Structures are given as C-alpha cells and as structure tokens.
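Here is how the chains run, residue by residue.
Number of protein chains: 2
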Amino acid sequence: MRILFFCLTIVTIVSCNKPQAETPKPEQHAFAIAIHAGAGALKKGSYTPEEEALYHAKLKEAAQVGYDMLKRGDSATQVVVAVIKILEDSPLFNAGKGSVISNDGHIRMDASIMNGKTLDAGSINNVQTIKNPITAAKAVMEKSKYIMFTGAGAEAFAREQGIEFIDPSYFYTPRQVARWKEDKTATDEKTIHYVDSMLALQNGTTAWLPYELSLGTVGCAVKDKYGNLAAGTSTGGLMHKKFDRVGDSPVIGAGTYAYNKTCAISCTGTGEDFIKTVAAKTVSDMMEFKGMSLDEATHNMIHVRFKEITGDGGMVAVDANGQVSWQYNSDGMFRAFVNESGEITTAIY
Amino acid sequence: MRILFFCLTIVTIVSCNKPQAETPKPEQHAFAIAIHAGAGALKKGSYTPEEEALYHAKLKEAAQVGYDMLKRGDSATQVVVAVIKILEDSPLFNAGKGSVISNDGHIRMDASIMNGKTLDAGSINNVQTIKNPITAAKAVMEKSKYIMFTGAGAEAFAREQGIEFIDPSYFYTPRQVARWKEDKTATDEKTIHYVDSMLALQNGTTAWLPYELSLGTVGCAVKDKYGNLAAGTSTGGLMHKKFDRVGDSPVIGAGTYAYNKTCAISCTGTGEDFIKTVAAKTVSDMMEFKGMSLDEATHNMIHVRFKEITGDGGMVAVDANGQVSWQYNSDGMFRAFVNESGEITTAIY
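Protein chains in written order, with the numbering used here: chain A, 1 to 349; chain B, 1 to 349.
Treat the hints as calculated values from the structure; they're not laboratory data.
There could be a bad hint or two in this list.
Which copy is meant is left open, because identical chains are indistinguishable; a pair holds if it fits in one copy or across any two.
[Unchecked claim] Pairs of lysine to aspartate or glutamate residues, derived as EDC-like cross-links and limited to a Cα-Cα distance of at most 16 Å, are as follows: (1) Lys117 x Glu308; (2) Lys60 x Asp183; (3) Lys225 x Glu51; (4) Lys242 x Glu160; (5) Lys261 x Glu308; (6) Lys71 x Glu340; (7) Lys145 x Asp188; (8) Lys145 x Asp312; (9) Lys307 x Glu160.
Just so it is clear, the structure is predicted and the values come from calculations on it, not from any experiment.
Please model the complete structure; the sequences and the hints are all you need to start from.
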C-alpha cells in the first residue's frame, strides 16, 4: 500500500504542475476509460496521506477492472456499469453505499447510462433499495423502450428485471450520518432516531473517514475496441435534499451523454449548473457543429461558459479517437484514466 | 363559430400546400408567441368540422390571452404560464384536465419552464393533484435554487408555495377513460373500478370527443417586448404508462429550452426521441455554433436528424428576433402563432 501510494503521489504531483493543461496530450487510443468520483472543495490537506491512498487505490481498482474488460473485448456499456459498480460499492463516494442522506432521513439515489452507438439511454432517480443504481439504469436502457423511470416506479421495474435489492440500512455510513447531523437543518427527534437506527444495523465494518467532501458523484466515459462510446453517472445527490430533488446525473444531456460521432461524457458538481447549460450535450455539439477538439470543448464548457453562470464542477470525457479529457473549476476532482497501454493515472487535486 | 371555423380552415388549407415551408417567412417581431398542443397521427377526417372548430377556438383563446399580456408588457415567463394554463384547463389536450391515465389508473403529469435570460428553469414530474402543473414548475424556477422535483416531493414543494391543488378525479375525462379501457393492457377489476369512480365524480359537463388523438402535450415559446425568451411544456405523458415513466416534457434541453442568444423551444412527440437527441438544446446549439437560422435548425432537427433515429414529433420555436418556426414529421400538430400585429394563425394538419 505504501509503495502504491508513493507511485500515485508522483503521478498526482506531476499532473498538478499544469492545472489547466493536465489533460493527456492528444493521441489516438484503441480504447480508453476516464473516471471521476466527484469534484468539490478538495483542498490539499483535507485528507491524510493514508486517506488519500485509500481513494487512489479504489480509483485504480475501478480503472484496472475496466481495462481488463476492454482488453478482452467487452463493450463500452458493460465497462461503464462494472466501473461504476465498484465505486457505488465503496463507502468513499456519494453513490450507492456512502450516499448522502435526504432531509427526511432517507437515502435517494439517481443514475444514468448512455450508449453512443445507438443513442439509447437509461435513467432512474430517487431509488432507495437498489444496491447498484447503475445496473437498474442499464436495464431501463436495454429492457424497456423508455429512458427515464422515477422513484417507486423505477424500483418496480428493477424488481421485474431481477436487479439486486438490499435493505436501505446498507447505504448508511458513519461519515454521512455525522455530516447529516452536523447540518443545522437536521429535523425532528423521530427522524434522527430513524437515521441512527439505520446506521446501527451496520455491523461496524464501515471505515470512518473525514467528511470534508460534499460532492462525490461517480461516473465514467469509455471507448471500447469496436470504436463505440458510452458514459454513465451515479449519485446520492445533495445532503439534506428535499422534495425528491433531482440533479444532473440522471438527466441525459446534462450529466451524461454519449455519441459515437463526438464523445462520451460524465459530469459532477452543482447539478443545476449542468442542467441549465445542458453541459454534456453542449460539449458534444461544440465538437460536432464548431469543429472543436474534445479538449477545447470541455475546456470551453468548464472554464468559459461556466464562468458566465458562475457554474461549479467538472467532467471527464473520451472522444471517438480514444483521446481523454478532464476539466474542473473546483479545488479538486477524484479521477482516473487508462488507455490500451494499461498504465493507470489517478489524481485528486 | 361557423364563421370562425371557416376562416381558420382557410389558413389551414393555405399552409398545407407547402408542408415543409409553412413556417412564417423570416421577419423580425417585437414580440411573438408560438403554441403547440401535440403532434401525432392527426389525419384529415379524424375530426368533424365542429370538433376541429373547438380545437381552433381553444388555441386562438390561448394565443389571444398571450398576445394581450405581451402587448401590455408582461414578461415571457408570465405569458408561458398563462397560455399553458388555458390548455391545461381544457379537456381537449393531454395536459392538466384531459390527461391520459397510467396503467394503474392514476393520472401523473409533468411540466417544465425555462427563462432564456437567466437560464433558470423549473421542472416537475409525476404530480397527481396539482391543478396546473406549469404553475408548480414556475414556482420551482423562482422560489427554489433547484430545477427538478419529482412526485410526492414536487407536490410537497408546491403545497408550501400555495399552488392550487384539486381532487384527482378532476383530471378524468370520458374520452381518456374510454381510450384507457380500449387498450388491451387494461388491468384488474379493482383498477377499472377506481377509474370509473374517478370519472363518476365528474358532473357530466365534460364534453365527449373522439379519441383518435394519442399525443396532446401542450407547450409554447415566447419572446416578450424586452427581448427575453421563455419556453414551457406540460403533459399527461403516455396512456397506460408504467414505472413513473418520464418523457421529454420535464427534461430541460430535451422537451423545453430557452436561451436569449438563440431561441425558445417546446417539443411534442415520442419523448424518448427528444431525450436521446436532446432536441431543443441541439436546435439552440446549431444556431449558436453553426450559425443556422431558427428555421434551418428546427428543420434540420425534425426532418434530418430525426430521420436518422426514426424520431417522431414536432416543435415550436421563437428566436431572439421574434421569428417563429414550427416543424413536425407527423400527420399534424395542433399549433397557433401570433406576433405584434395581433393576427392569430391556428392550424392542425
């Protein structure tokens, strides 16, 4: 672990010297994956070296699984699901296990996936007992002629499709419960008791981590061997959210988009900023209609257009040539990247 | 009424001679409104002259109210809400009263609105007891920092904001109940009894109309005196829908978009086709990034890009110059248009 951490730190330091130019140089790749696990106020020093190493290791694990799958010929959509499942299963991120908690004490999750070859997409929101929301989104895409199912309806569909369900207590982690309680909008005693009881049902194996991180949506963009693109995103949304609020993650065009002619994109940040600018589709359109490169388009979106609306967040993307791009205007963004060389890069700041 | 119908028929016939070129000629307008009330298999002869006259009259009423408001200086977003409310209140369309019925016998409605000056937007879906869903969408836009609320959460927010609620039986109409029963996916006796009991609570004043129409989403795009654009859309979704399915109407970028630099758009048709192409935002981006006129961009979207995905539907739009455009690839689309001249055009086929 120490050796791994040391190697990853070097990559991080090297990439941090040129914060705006850190995206890999333009080059074609037979296949590639770009992963994010949230952008936000990730100032250096927020985490201890040991904690940082945990994040790097989990991102590397996800990238390695995706790489192995792509190398053996799995499809972009299969890889999107496999990568995101690993991040959903980890309590380190705000998606699946580790999701933030709504104001009423319940956990509600959103996810989406899109196939760049067919433009088919699947999206669910406000689900509470689906272990891996991204698997349900893929089922909507592949097993229904619709794209977007919500709440109890989405869960009913997932049940028909044999998607794995789990007791809602599974998603509660000490870190998120502590953050939920710290927020002064915490509600009545009954709700607090409910949240405590959910956490108590966990058996204590959940690692405690600092809770500075307020955004930790996960997602990835993939190009496979066959030249097909796909993207997916999964999130627990906003801490103390109300009114079954939905952000950009399950909105096709905003938080997720994939189109073989241009690129695949997954976003993270203040969801409303991505919805009002339809951020992912705008990047695709700047490439298609204005002839921008992937890097020019993502840079324009996050550092020019977002400046006009004081937008906040970041995105990872892969284009039809396997070129990878990531951009963010926050202090940091958990991210990883790998192409057919097999060399995995992970970074936070 | 006969005279009115005669005049409107002339407009319709004239415009039908050039089905692709029917959009008004490019010209600047101080203000303008484009309204649609659904595109679909509207073959000539589906309606009797008397029935057609009812549709023309309701579209004209909505356009007249919008015109009067714009003339006296009301804002684009105010006009969007006022126009859509009139259509929601009519049993002629699939939005508000007259909405289609879900497979489980309940009525679930979606709506969205967007302000082209600020890019602020509001969106709700799967609401069951809000009399005018478009008013709730506007409240989300103006009274919260979020954009998209769903289901019971959206209703809870609307209640806090003093939005008008109504008994769910209000939305049931003989036409839609008959169509719901005709569909062979009609469910168990208990559900049928529920639907019958909802309809029985109506006092018989609801006009019976033929039920050939399968799509009747309503929406409008507006440019006001101050040069600001806005768009909104409202729908009951799909007959016999399941799993709290959401179409394009409440998805910003897909069914609704407004941006002062380009245009305001509202769409209708097979929602998934508009979501996967992010149709409204794509039109805006073809104008912004490719320099297309409004009419070129809407035409490209509906008659070129939709052909590639066998997409189905139509859209109405207004650009920053007050130029209006409408396009559809179905047999017909209920629509109306008015500019500062005050001359209202309505058409179906």
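Status of the hints after comparison with the structure:
1. Lys117 x Glu308: Only across copies: lysine 117 and glutamate 308 sit 12 Å apart there, 32 Å inside one copy, limit 16 Å.
2. Lys60 x Asp183: Answer is neither: 32 Å inside a copy and 51 Å across each miss the 16 Å cutoff.
3. Lys225 x Glu51: neither (34 Å within a copy, 57 Å between copies)
4. Lys242 x Glu160: For lysine 242 and glutamate 160, only the inter-copy Cα distance (12 Å) is at most 16 Å; the intra-copy one is 28 Å.
5. Lys261 x Glu308: between (28 Å within a copy, 13 Å between copies)
6. Lys71 x Glu340: For lysine 71 and glutamate 340, only the intra-copy Cα distance (7 Å) is at most 16 Å; the inter-copy one is 62 Å.
7. Lys145 x Asp188: neither (42 Å within a copy, 24 Å between copies)
8. Lys145 x Asp312: between (34 Å within a copy, 14 Å between copies)
9. Lys307 x Glu160: neither (44 Å within a copy, 33 Å between copies)
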